[in-house]
Structure formats: structure tokens, C-alpha cells
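Chemist: Spelled out from the first residue to the last, the chains are:
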Amino acid sequence: MSNIFKKQGFKSVCASILCILCGLIIGFVVMVILSLVNDSLTVSDAFHGLTILLGGPFSSGTAQYVVTNLGDMIFYATPLIMTGVSVAIAYKTGLFNIGAAGQFLMGTMGSLLVALNINTTGKPGLGILVWVLALIVGALFGMIWGAIPGLFKAFFNVNEVIVCIMTNWIAANVVTWVFSSMPQIINTGSGKSGYLITTSVTGNGTPKIGLDKLFSGSYLDLGIIIAVAIAIMIYIMLTKTTFGYELRACGANKYGARYAGMNEKRNIVLSMAIAGGLAAVGGAIYYLNPGIEFKFSSAYQKLPDYGFNGIPAALLGSSNPIAVIFVSLFIRYLSIGGDNLSSAGFNKYIADVIIALIIYFAGFSRLFGDLLSRKKKKAAVTAAPAAPGAIAAAVSVVRPEIMGDKDTPAEKLKEPEKASDSVSEVLKEPENPETDGKEAEE
Amino acid sequence: MVFLLQKTLVYAAPLLIVALAGMFAERSGVINLALEGEMVFGAFIGAIFAQTFVNAGIFTDNVQLMFLVVLLISGVSAAVFSLLLSLSAVTLKADQTIGGTALNMLAPAVMNAFALSLFNSEKIQMPANFAGYVIKNPDLPAFVQIFGDKAYLSTYVIVILFVVLSVWIYKTRTGLRMRSCGEHPQAAASVGINVFKMRYLGTTISGFLAGIGGYAYIATIADGTAESSVGGMGFLALAIMIFGNWKPLGIALGAVLFGFLKCIGPVSSSIDFLSKMKLPMYFYNIIPYVVVLVVLALTAKKSGVPKAEGIPYDKGMR
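Protein sequence lines, in the order shown, are assigned to chains A and B. Under the numbering used here, the final residue of the first sequence carries the number 442; numbering is consecutive throughout. Under the numbering used here, the final residue of the second sequence carries the number 1318; numbering is consecutive throughout.
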């Protein structure tokens, strides 16, 4: 058993590396094209650009900049880890959480309402208490916000994607609305407009626990440790507990789960609530940092990038919370390399192009995996979980008209099939749900 | 009131066509999450061409004709871009959500990268007199004014395309075949339909429409500024498509309803009883989203989701 484990893990790592290589190669081609169309650049600049990009924070020049950028790389990866895990856990339950942006904003709002309205300057002990309270309130806001799509899905059968998109924009407007009515926490300093004060003013900032000395000049704080701990906890919850098994079972086949006596409605709502809480903690951790300012005035116009970037982080990490940590760090690594690209005459968006390409190739990582090992496992993988779907599909063939709008079992089995595919492929675990079940029972 | 309805039409038009774009892809069995990216791509290429035309003096004597040509170019370029999605989702059987997400990231990244190194700016601002393209007929009677005054050529193009394609997908043989690939591809294949071809057709039409919607968005709502984002319009259109239950009539209803609610805020100051209440802008901004959610909660028991949507076609499966 453990042999298969290792083999599959190895295979998926190889496939991921292949994805990254392909992304880098095409990204390099883009740089070459750019250097050809732009007169001020030569092809050798493209090579220079590639080395800078690959260097990430290590290509930042002086040792001081390297250290600062390394710290910032980790700091900016923190919210990405949280939104990535948020999307991942929903994906495991067969839900697509495209609402991480709104949940992120709600978490930001909840935590900043607490942290900025209570002033504890000069009382460090109290400051930490307020900080913890702020984090919890933020998480609660996000959980409630995330539960809304779950409730709509479970009780009204409304597609969670549409509810997530709607709640995103509602959250964006609510955040601007609430903060614009609180003049006491708006930064009215010179040259500032539309920003809130930071937690450094009220003394409730995230503790640095010495990380600011290790990575001097960077924003890095305790947040990263919390994020990593939460990701590991979610991983353990998903793989080692009954509840996690139930969530995955609902994702694999909610009818099967219901037949086995699980309450799939409760699981859908809980999964979305947890996903919402996770994205919210990402927002809270990010903005509770004493150095980060929140621009509330334009929040209603554009959703935060962190919310959407969680989707690629989760997909690239195959919805595995531990993998999401490394993927997030990797994405930030490339982005910092992109920021350094201007010294070679290119702009930072090259890094975005490469990240997008890597995600594009990640879509066919299974194909890469199959190429790596010529074993025809694929048939077995898709056949086992899809069996109930196939039966229902066969039923619908019998129906005279193919594209009617009637509610048939086949329709409902469509989603579970898709999700089961990702569950099996992703967790590097035995695909067969039955053996999976035995493990959970033990 | 007339002004409100005029605005509604302007706002609803891109939503309408992009939601239809989503419907075409999903009815053929492919989840097109990349609508946003396709809109950005089409709009950007369109904007570059519009600027080139203006600088080179082509079509400048007939602005409306130029608008049409640029609209077509936007559509075609987005259709070509959408081939990337087809390649991954149909030919290589990759996860369709991943492909769509990647395209959503790729379009703004590529556009920004090229725009920055070619124009030294992340935005392309079209010359004001060419960006407008507004058709003005203030002398018409009030009811006709809604459609004939302060209107855009793109709105008419979009409405015509919408009607023609809606009829096409329901009344022609190819349309029927395409829909069957979204419901049960194996059954469709058993009667000799080429599922791959149909899905390519669906996603390509989808890309074309999304590109047109993207250019219509930047030319009308965004006042001729092409940026790396279309304000979440692609995702909104996806929501409208689900709201419309994957059917053209529902989509039309959803787009017009959403456009109407969205436009109440900006014009509220000129409506007597609303301006007296002095509600903040954010309140009006929230209304359309809340109304859509409430309507959905009341009506969405029956879902018209294409049954084979999101599942790569596998000949061996039953």
C-alpha cells in the first residue's frame, strides 16, 4: 500500500515540475517576442530576464534587499495560503468557492472593526488580547458570510457559484459603506485619502515574535505561523477525522453520502462556513499587520486579488492544504522575481504570464503523469467512482428526447462525478472509496 | 424614466451577450469560466485596432463602420484566444475549471505585459470623439427615444446576434446537435455526431460573443478605456446565465432586470421620491445582487444545468 502511495506522490511531483518547466519555457518565449518587438531590448535581455525571474527574491541586488524581499515573500504568501486552503476545502466537498474575495473582505472588516476601535497603546499584554479577539471576530464574520452560499445551495438548490459572485459584490459595498461611516478610524494624515489607520496606531498589531529582526525591513510577522498551522490542521481534519471523511464523501458523491447516513446539507453548509472562515482569517492576518493599510474607499469597485488568486493556489496544489502552502510560496517567489524584472527592461506582468501558464499546464498534469508512467491506471480511476453516474446516465439514454429540462437523477450526479475525480486524483490516496472508508474507520 | 431605461439598455447589452456566450459553451458541455479573460482579451485587441485605425486615418470618415469592424475584430480575437480553452478542455480532457481560471489570469497578464512595453501604459485610452459612437436622436417621441436616442450601435448588434443565435441553437440541426453534446455526449456520438467538433464550435462561438461583449463594455460603460479588467462583468454574466437557467429568454430577463436595478442608483438623484430618501450609493449598489439572490431562492428549485457540463468527453464511458 505504502508503495503505491510513494509512487503516486512521486508521479504528481514530477508532473508538477513538468508543468512549471513548460510554463517557464513559454514565458521565456514571450520575453523573446517582447524583446524582438521592442527596439530598446535585445534577445540577450530575455536571457537576463529569465535568470532574474528564476532568482526570485535572491535576485534583488544587495544582501539587505534579498533578506527583506525574502521576508516579504513569506508575508505576502500568508493570505494566499489562507484563501487557497479555503478554496481547497470547498473543492473537496464538491463546491467551487469563488467567493473567497468577499469572505476575505468580511474578515478584514470584522478584525479591523475590533482592532482599530480599541486603543491599547502602552499596554502590550492587552494589545495581544485584542488582537486575538480581532482575529476571532474576523473569522466569525467570514464564516457567516461563507455560510450564505452553503445555505442557498443546501436548502434552495441554488448554484453556489452565482451566490458567491453576488455575495462578493455585496461584501465589497458593505465594507466601504461601514468604514466610510466611521470617521474615527479613517487616516486623515497628509496625503492620505480613503485609507484606514493601521494597527500600529492602536497598538493591536500582529506580534512580530522576532521575525522582523531575522528578516529586517520586511513585514513578516506571526501570521505566517498561524496560516501554516491552520493549513496543517485542515489537512489533518480532512484526511484523519470522520468529519473530514464525510466532507470528502459529500464531494465524491452526495447521494452516496446521504445513503450512508450522512447529513449532506449540514456538510455543505459547514464546509462553506469553514471555507469562509479561512479566507476571512487571510484578510484579518494581512491587514492586522501594523504596516499594512486598508484602502476602504475603493473596495467597492474592485474585489481583492487575494480572493481570486486563492483559486489557482488551490488548483495548482491539487486542493491539498499542505501543497497549497508550498504553491503559495512559489507563486510569491515568482512574483518577486517579476518585480525585479524592471532591471532587465521587462515589466512585472511577465511573472503573471508564467504563473497563468503553469496553471494552464496544471490542467493536464494528469496527462503528464500518464506520460511519465505508461501504466493504464486511468481507466480504473475513472470507472470506480463514476459507476453510479454511469447507471443514471444509462437511464437517461432511454428517454426519447435528450435535452429535456426535466429533473433527472443523471443531472444531479453530474457534479459528484467531477468532484470525485479530483478527490481521487488529488489526494494521492487509493482511489477506491471503499478502501478509503476502511482507513477512516480504523 | 426614459433616461433610466436608456441606461438600462446600455448596461444590459454586454451582460446579455456574454451570458449567451456562457450558455453556448455550457450547452455544448464545456464550463466556460474564462468569460472574463476572453472579454479582456477581445476588448484589448479591439482597442489596439481602434487606435491604429484612428492614427492611420482608416475608416475615420465613417465612425460607425469603424465601430462595427473593431467589434468584429474583438470577437474574432477572443474566439482565437478561446481555442486555448478548447484545446485543454476538449482535446486534452483537462479540468475545465483550471483551464478557465488560467485563461482568466493569462489574458490580463499578457495584455498588461505587451501594453506596458509597447505603449508604456497599462491602459489604452481611445480618442474621445471616436470612443463615444453615441447615436443621438433627441427629437423622437418618448417611447422610441428609449431605443433610438443616446444609444450605441453595439446594442443593436448585440440584440440582433442574441435573437439570431437563440433561434439558431433551438431551431437548427447543428444547434440541436450541439445541445445534445451538453446533455449526453455518448448518446450523441452513437448517432454519428462529432462531439469534439461540436464542443469546439460551442466554445469558439462563446469566445466570439465574449469578445464582442468585452469591446461593447469598454466602448460604452467604461467610456473607451481599455484596462486589464472588465469590472467582474464576465463572472456577473456567468451568474446571469445561471439565473436564466441556461435558456436565452431567462438570460434576457436576467440581464435586463440586473441592468435596470444597477442603473437605479446613478439616476436616483433625478427621481423625486428616491432623491428625498437620501440613501447612500452603496445601498443602491447592493440592490441588484440582493434581488437576484432573493429571486433565485424563490425560483431555483428546478435547474436546467446541462447534464454533461464539465465532464470531458470519453468515448469509452457509457
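Worth flagging that the hints you see were computed from the coordinates, not collected in a lab. All residues carry an ideal CB built from backbone N, CA and C; glycine is no exception. It is possible that some hints are incorrect.
[Unchecked claim] Examples of chain B residues toward chain A, derived with CB under 7 Å:
hint, residue
1, 1057
2, 1059
3, 1091
4, 1105
5, 1138
6, 1142
7, 1144
8, 1292
9, 1294
10, 1295
11, 1296
Chemist: Hint by hint, say whether it matches the structure.
Modeler: Against the structure, the hints:
1. A distance limit of 7 Å between C-beta atoms decides the matter here; for residue 1057 (chain B) the minimum to chain A is near 23 Å, and the interface restraint is violated.
2. With its C-beta approaching chain A no nearer than about 25 Å, residue 1059 (chain B) sits outside the 7 Å limit, and its interface hint is violated.
3. Interface restraint check: residue 1091 (chain B) against chain A, minimum CB-CB distance 10 Å, threshold 7 Å, status violated.
4. The restraint placing residue 1105 (chain B) at the interface with chain A holds, with a minimum CB-CB distance near 4 Å, inside the 7 Å limit.
5. The interface hint given for residue 1138 (chain B) is violated, since its Cβ lies 32 Å from the closest Cβ of chain A, which is over the 7 Å cut-off.
6. The restraint placing residue 1142 (chain B) at the interface with chain A is violated, with a minimum CB-CB distance near 33 Å, outside the 7 Å limit.
7. The restraint placing residue 1144 (chain B) at the interface with chain A is violated, with a minimum CB-CB distance near 34 Å, outside the 7 Å limit.
8. Because the beta carbon of residue 1292 (chain B) sits about 6 Å from the nearest beta carbon in chain A, less than 7 Å, this interface hint is met.
9. Annotation: interface hint on residue 1294 (chain B) violated; nearest CB of chain A at approximately 10 Å, more than 7 Å.
10. For residue 1295 (chain B), the suggested interface contact is broken, since its CB lies about 10 Å from the closest CB of chain A, more than 7 Å.
11. Taken as an interface hint, residue 1296 (chain B) checks out: its beta carbon lies about 5 Å from the nearest beta carbon of chain A, inside 7 Å.
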